[in-house]
Amino acid sequence: MKKIFAVLATMLLVTSLFVGNAAAEKVLKVGISKEPANLNPVLIHGVYGESIAGNIFDTLVSFKESAKEAAPLLAKSWTISADGKVYTFKLRNDVKFHNGDAFTSADVKYTLDEIMNEKNASPSAQFFKPIQKIETPDAQTIVITLDAPYAPFLLALGSQTCGILPSRAAAAVGMEKFSRSPIGTGPFKFVEWAPDDKIVLEKNKDYFIAEPKLDKVVFRPIPKPETMAAELLSGGLDLGGELLPQDIDRMKKEGLVVKSVPGLTSRYLGFNAKRKPFSDLRFRKAVYHAVPFDQAIPGIFREAGDRAYSWIPVGVLGDDVDYMKSRTLPFDMAKAKALFDELKKDGVMPEKFEFTIYSPQDPQRKKIATVVSTQLRQFGITVKVETPEWATLFPMLKQGQCDMYAMGWGSVPDPDRWTYKIFIPDSNMNFSQYDEPIVTEALKQGRSASDPVKRSEYYKTAMRKALVEDFIHIPVAFLNTTNVMSKKVVGFEPSPEKYVHLVTAKRNVDLK
Amino acid sequence: MLNYAIRRLLLLIPLLIFVSLFVFAILKLTPGDPATALLGDQATEEAIALARAKYALDEPLPVQYVHMMANFFNGDLQSIFHKDNVLSVVLHRLPATLELGLLSLLIAVIVSIPVGIISAVKRNSFFDYASMSMAMFGVSIPVFFTGILLIYLFAVILKWLPASGYGGHFWTIEGLRHMILPALSLSFVLMASTTRLTRSAMLEVIHQDYIRTARAKGVSRFMVVMFHAFKNALIPIATNIGNQVARMFAGAVLTETVFAWPGVGRLAVNAIFRRDEPLVFGCVLLMAVVYVVINLLVDLLYGFLNPQISYD
Amino acid sequence: MLRFVLIFNVVLLLWFVGEAKTNTDTIVSYGIFLLLTVLLGVMQLVMSRRRKQREDDIRTAWDLMWRKLRRNKSAMAGMWVVTALCYVAILAPFLVPVDPYNMDWGAMSLGPTAGHWLGTDEMGRDTLARTIYATRVAMGIGLLAVVLNSLLGTSLGLLAGYYGGKTDNIIMRLLEFWNSIPFILLAIALMAALGSGLFNLVLVVSLTGILEFARIIRGDSQLLKKADYVNAARVMGIPNRQILRRHILPNCLAPIIVMATLRIGETILTIAGLSFLGLGVQPPMPSLGSMLANGQQFLYENIYMSIVPGSVILLIVLAFNLFGDGLRDALDSRITQ
Numbered sequence: 001m002k003k004i005f006a007v008l009a010t011m012l013l014v015t016s017l018f019v020g021n022a023a024a025e026k027v028l029k030v031g032i033s034k035e036p037a038n039l040n041p042v043l044i045h046g047v048y049g050e051s052i053a054g055n056i057f058d059t060l061v062s063f064k065e066s067a068k069e070a071a072p073l074l075a076k077s078w079t080i081s082a083d084g085k086v087y088t089f090k091l092r093n094d095v096k097f098h099n100g101d102a103f104t105s106a107d108v109k110y111t112l113d114e115i116m117n118e119k120n121a122s123p124s125a126q127f128f129k130p131i132q133k134i135e136t137p138d139a140q141t142i143v144i145t146l147d148a149p150y151a152p153f154l155l156a157l158g159s160q161t162c163g164i165l166p167s168r169a170a171a172a173v174g175m176e177k178f179s180r181s182p183i184g185t186g187p188f189k190f191v192e193w194a195p196d197d198k199i200v201l202e203k204n205k206d207y208f209i210a211e212p213k214l215d216k217v218v219f220r221p222i223p224k225p226e227t228m229a230a231e232l233l234s235g236g237l238d239l240g241g242e243l244l245p246q247d248i249d250r251m252k253k254e255g256l257v258v259k260s261v262p263g264l265t266s267r268y269l270g271f272n273a274k275r276k277p278f279s280d281l282r283f284r285k286a287v288y289h290a291v292p293f294d295q296a297i298p299g300i301f302r303e304a305g306d307r308a309y310s311w312i313p314v315g316v317l318g319d320d321v322d323y324m325k326s327r328t329l330p331f332d333m334a335k336a337k338a339l340f341d342e343l344k345k346d347g348v349m350p351e352k353f354e355f356t357i358y359s360p361q362d363p364q365r366k367k368i369a370t371v372v373s374t375q376l377r378q379f380g381i382t383v384k385v386e387t388p389e390w391a392t393l394f395p396m397l398k399q400g401q402c403d404m405y406a407m408g409w410g411s412v413p414d415p416d417r418w419t420y421k422i423f424i425p426d427s428n429m430n431f432s433q434y435d436e437p438i439v440t441e442a443l444k445q446g447r448s449a450s451d452p453v454k455r456s457e458y459y460k461t462a463m464r465k466a467l468v469e470d471f472i473h474i475p476v477a478f479l480n481t482t483n484v485m486s487k488k489v490v491g492f493e494p495s496p497e498k499y500v501h502l503v504t505a506k507r508n509v510d511l512k
Numbered sequence: 001m002l003n004y005a006i007r008r009l010l011l012l013i014p015l016l017i018f019v020s021l022f023v024f025a026i027l028k029l030t031p032g033d034p035a036t037a038l039l040g041d042q043a044t045e046e047a048i049a050l051a052r053a054k055y056a057l058d059e060p061l062p063v064q065y066v067h068m069m070a071n072f073f074n075g076d077l078q079s080i081f082h083k084d085n086v087l088s089v090v091l092h093r094l095p096a097t098l099e100l101g102l103l104s105l106l107i108a109v110i111v112s113i114p115v116g117i118i119s120a121v122k123r124n125s126f127f128d129y130a131s132m133s134m135a136m137f138g139v140s141i142p143v144f145f146t147g148i149l150l151i152y153l154f155a156v157i158l159k160w161l162p163a164s165g166y167g168g169h170f171w172t173i174e175g176l177r178h179m180i181l182p183a184l185s186l187s188f189v190l191m192a193s194t195t196r197l198t199r200s201a202m203l204e205v206i207h208q209d210y211i212r213t214a215r216a217k218g219v220s221r222f223m224v225v226m227f228h229a230f231k232n233a234l235i236p237i238a239t240n241i242g243n244q245v246a247r248m249f250a251g252a253v254l255t256e257t258v259f260a261w262p263g264v265g266r267l268a269v270n271a272i273f274r275r276d277e278p279l280v281f282g283c284v285l286l287m288a289v290v291y292v293v294i295n296l297l298v299d300l301l302y303g304f305l306n307p308q309i310s311y312d
Numbered sequence: 001m002l003r004f005v006l007i008f009n010v011v012l013l014l015w016f017v018g019e020a021k022t023n024t025d026t027i028v029s030y031g032i033f034l035l036l037t038v039l040l041g042v043m044q045l046v047m048s049r050r051r052k053q054r055e056d057d058i059r060t061a062w063d064l065m066w067r068k069l070r071r072n073k074s075a076m077a078g079m080w081v082v083t084a085l086c087y088v089a090i091l092a093p094f095l096v097p098v099d100p101y102n103m104d105w106g107a108m109s110l111g112p113t114a115g116h117w118l119g120t121d122e123m124g125r126d127t128l129a130r131t132i133y134a135t136r137v138a139m140g141i142g143l144l145a146v147v148l149n150s151l152l153g154t155s156l157g158l159l160a161g162y163y164g165g166k167t168d169n170i171i172m173r174l175l176e177f178w179n180s181i182p183f184i185l186l187a188i189a190l191m192a193a194l195g196s197g198l199f200n201l202v203l204v205v206s207l208t209g210i211l212e213f214a215r216i217i218r219g220d221s222q223l224l225k226k227a228d229y230v231n232a233a234r235v236m237g238i239p240n241r242q243i244l245r246r247h248i249l250p251n252c253l254a255p256i257i258v259m260a261t262l263r264i265g266e267t268i269l270t271i272a273g274l275s276f277l278g279l280g281v282q283p284p285m286p287s288l289g290s291m292l293a294n295g296q297q298f299l300y301e302n303i304y305m306s307i308v309p310g311s312v313i314l315l316i317v318l319a320f321n322l323f324g325d326g327l328r329d330a331l332d333s334r335i336t337q
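Chains as they are written, first to last, in the UniProt record's numbering: chain A, 1 to 512; chain B, 1 to 312; chain C, 1 to 337.
Treat the hints as calculated values from the structure; they're not laboratory data.
Keep in mind that this is a model prediction, so the values were computed, not measured.
Glycine is no exception: its CB is placed at the ideal position from the N, C-alpha and C atoms.
Please note: incorrect hints may appear among the correct ones.
[As the list claims (entries may be wrong)] Beyond 12 Å from chain A on every Cβ pair, some chain C residues (computed):
hint, residue
1, Arg3
2, Phe94
3, Gly119
[Said to hold, decoys possible] SDA-like, lysine to any residue: derived pairs with alpha carbons at most 20 Å apart:
hint, chain 1, residue 1, chain 2, residue 2
4, A, Lys506, A, Val95
5, C, Lys73, B, Ser125
6, A, Lys198, B, Ser125
7, A, Lys488, A, Ala24
Isolated chain A, as found in the complex (with noise of 0.2 Å):
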């Protein structure tokens, strides 16, 4: 057996010496680690249907350089009315489809139409519920018209979920045939989607920016964190993201080049609003005492993540974090005892409680809800850790049904995206059934205010009732975008949505 193996391995060592690189073309292997389901913007939902659709389509404005502010792209310049209702847009003249077709203000109004078409389904479409009308005075400007003022207006028409579809091409296909088609009038044009395999984009030449300086990029969704990081490390991918923490030093110590930027995705222990003992308020601030969260959170995280005290993230308008870590609640076993006693004495809390936290698959959040657990077994409490797969636990969250759970969120830099679909008390994303009138108030008020002084107040104030008063939430941590790539790759940065833009008006990623 040992002799056969011997000459496997040199058959294997002399095939490896045949093989040259006979490529002159420039292409890009990009790990991802997750399939998306659509590459139609109106379909997408998730980061890595965004991420690859950025690629091959283009938005009215642009957040992909500066995520704070609108930057032109398919619009040349725009305006807004006084009373914040009317969006008035002026479009390039010089802008081409993949397939040939000029970009015109129908395109624009075919989009945003199939976007709020309720057949459509399309999951960004709440974020175009204020649109009253949308008119093409001519081939190169459209104006919108909202029922009120809606300050993340600009953002939404910025989203990767809103990039902008040939009218002709699309109608002709259909919603779903297009996703597995799409054409835009971005960087890349779509080759090819292999499921499970590959997807492979090409450049478009005609790019209204510059011409992409890569010839071919090729996304292959990778399941594994620990493949990735073979992957990477043995060349096979020039560039990839989400490994494990425990990965990313040894990649930087390999001699690839590690670049890593506060990102955009939240990690969270949330309570259960409406049972018992949850719904006490005691419950929920001894399970904070109880769990060293100072000492936990580096050691699942490491350099992949910074603690988190708020909802909003750092940087974004109504942070307010020295305000919410001075009122976070310290280690404390003795509190947490004393807490847990008084809960069982007035019949709150069983003598021997049992209870269940749910966390999606991934290895972080269980190892937040196995701490928990962990900790929770010194009171007596018996905790099980629960981790459905995605579409079992998604529903049960959403009814209501989990006691306490450990999960995630992620979005665009604006105060209104981290904080209203939660807090409200008929959103489905309310997975604590938290309802909190000056909370709700709070929040609906941030919504429709312009002023950012005034928008920052009303989001300190939401954020202070429910998670430093109520705690109705743990904030855990927020992680960064972590990118691993080889030293062959130029110009590529990393963004804090986790985004793969390779040609912006700042960009154009190169491989020496």
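Use these hints to put chains B and C onto chain A, whose structure you have.
Chains B and C alone, transformed into the frame defined by chain A:
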């Protein structure tokens, strides 16, 4: 023989009914529905209701079942996730799965049958002990762990082979390079069981009278082993291989996950996770058919291996 | 030899009596161990009494098998390892150096040190303690699943073989249909449908491989059915149920035990595989499969996190396989020495 084959194939009808009912029941028992899985975390209730209507998920269960069965036989089953015909989705993956299966089968057979024969002939020798303990090890290590170890050794440390993914058909160099590691890791289990089986089957045959007679008549040892003994030991070996190959079609899920291999097993598992009901339904039914057909082929092969077997 | 085991057990019982009261975990363990020791004692008594009553030259089939087994070194090694593992599994709470759940954020992902003989995992939990508990979980789940599995397989095989005809046809066809669904898919789908509890895991794993079980038992019972004493029993008007229980089942026992022994290893590997897909034993309960699945993510940083659970899996599976193989050889009359 033809009669036998036809009778066996006729059994496919109750099989399909049984398997389809069972799969359908599991699918409907499983919490969560495709609409939610498809639309993601941000979807509103109305959007989910619309999607449910679109995929006919709000019909009564018997109607849904009949629809699915009818669609399956017409070849009209549509995958919700892939937005494509289930048959074409599966056929698309077939090359990657079949090639991987064949290559690992090839590795396993090339290694294990000679080793098994030698072990049997030289029973209780050092070679016998060594190969049997290797075989024992082969079945005792979880397959995902061997996969990871192979990746680390050959891709990360030695940098001889790519770590994961499908590189094309195995007759191309790139394709073969990609396929060696997953095929190797997949072949370990098959290798181990085939070696042990070959050895025990050979042992059983070697002690029989006709072998002794042949030896006594002066037939050389090699000839006896190869043409008298091995030929008769082939039946259990063929059964085992047939069984394993049929299993490999879907059982390679772990290997496929480790090596990011776009095979049928992962397709089916992802379909379960995504609640892509038509795809799960179609996949499992197709796999059941493949299993039956492969087993039938193996049974028919017996006829060639041993003319004494008659099919009645 | 049984006597030595008995003495050893009593020594252990006395040794641990002081620690037995600390918590429910230890009390339960102690109780189970006590019960087993008592059972062993009773067995010893019965056997020695029988031996006295019997003339020395007469050997039962079991005696013959045991003698053959004793000559098989690897099988004996397997048996000793299995025995040792059983001790570890039952006495886990007394053997662990520290609480396997205890996290120490100051001692994360360590190699072997004086305080942690086999190092710690990424949350500072002692690998040795966790492995001991995980062995207990693995053995427990493995045994339970295999018992369920054998019960199902045996009863179906007996029915099919004994009654024959239509019953046989229906049972065997249904089992073949069942077998045609790829197991790992079935397991994933069932876990998705039923949820990921420990009981469901046992159930799912025990549903596999019934066909092989049933086939062998069916063959045996078909042969036994034609035996004279069974015919005689039938003529005497003894009901089928009793014939099955009194005459056929006891004679199928040997192959059942062999198959069950060989199945345990497979079961443990299957659970490890499910753990890799996130569907195995749920945290914080330590399990070998999840430890290995987790450890291989730290392969570079701390190799002990995968080596230790990996070797224990190897040991368990190997021991059961060797023992099972030996049993099979010992029962097989054709292979004689």
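Now for the hints, and whether the structure bears them out:
Taking the minimum C-beta to C-beta distance to chain A, about 41 Å, the non-interface status of C/Arg3 holds against the 12 Å cut. With a least beta-carbon separation of about 19 Å from chain A, C/Phe94 lies farther than 12 Å from that chain, consistent with its non-interface assignment. With 12 Å as the threshold on Cβ separation, the claim that C/Gly119 sits away from chain A holds: the shortest Cβ distance comes to roughly 14 Å. This hinted pair checks out: A/Lys506 and A/Val95 have alpha carbons roughly 19 Å apart, not beyond 20 Å.
Of the supplied pair hints, the one linking C/Lys73 and B/Ser125 holds, its CA atoms being roughly 15 Å apart against a limit of 20 Å. As the CA atoms of A/Lys198 and B/Ser125 are separated by approximately 50 Å, the hinted pair breaks the 20 Å bound. For the suggested pair A/Lys488 and A/Ala24, the alpha carbons sit about 14 Å apart, so the restraint of at most 20 Å is met.
Violated hints amount to a single one, hint 6; each of the other numbered hints is respected by the structure.
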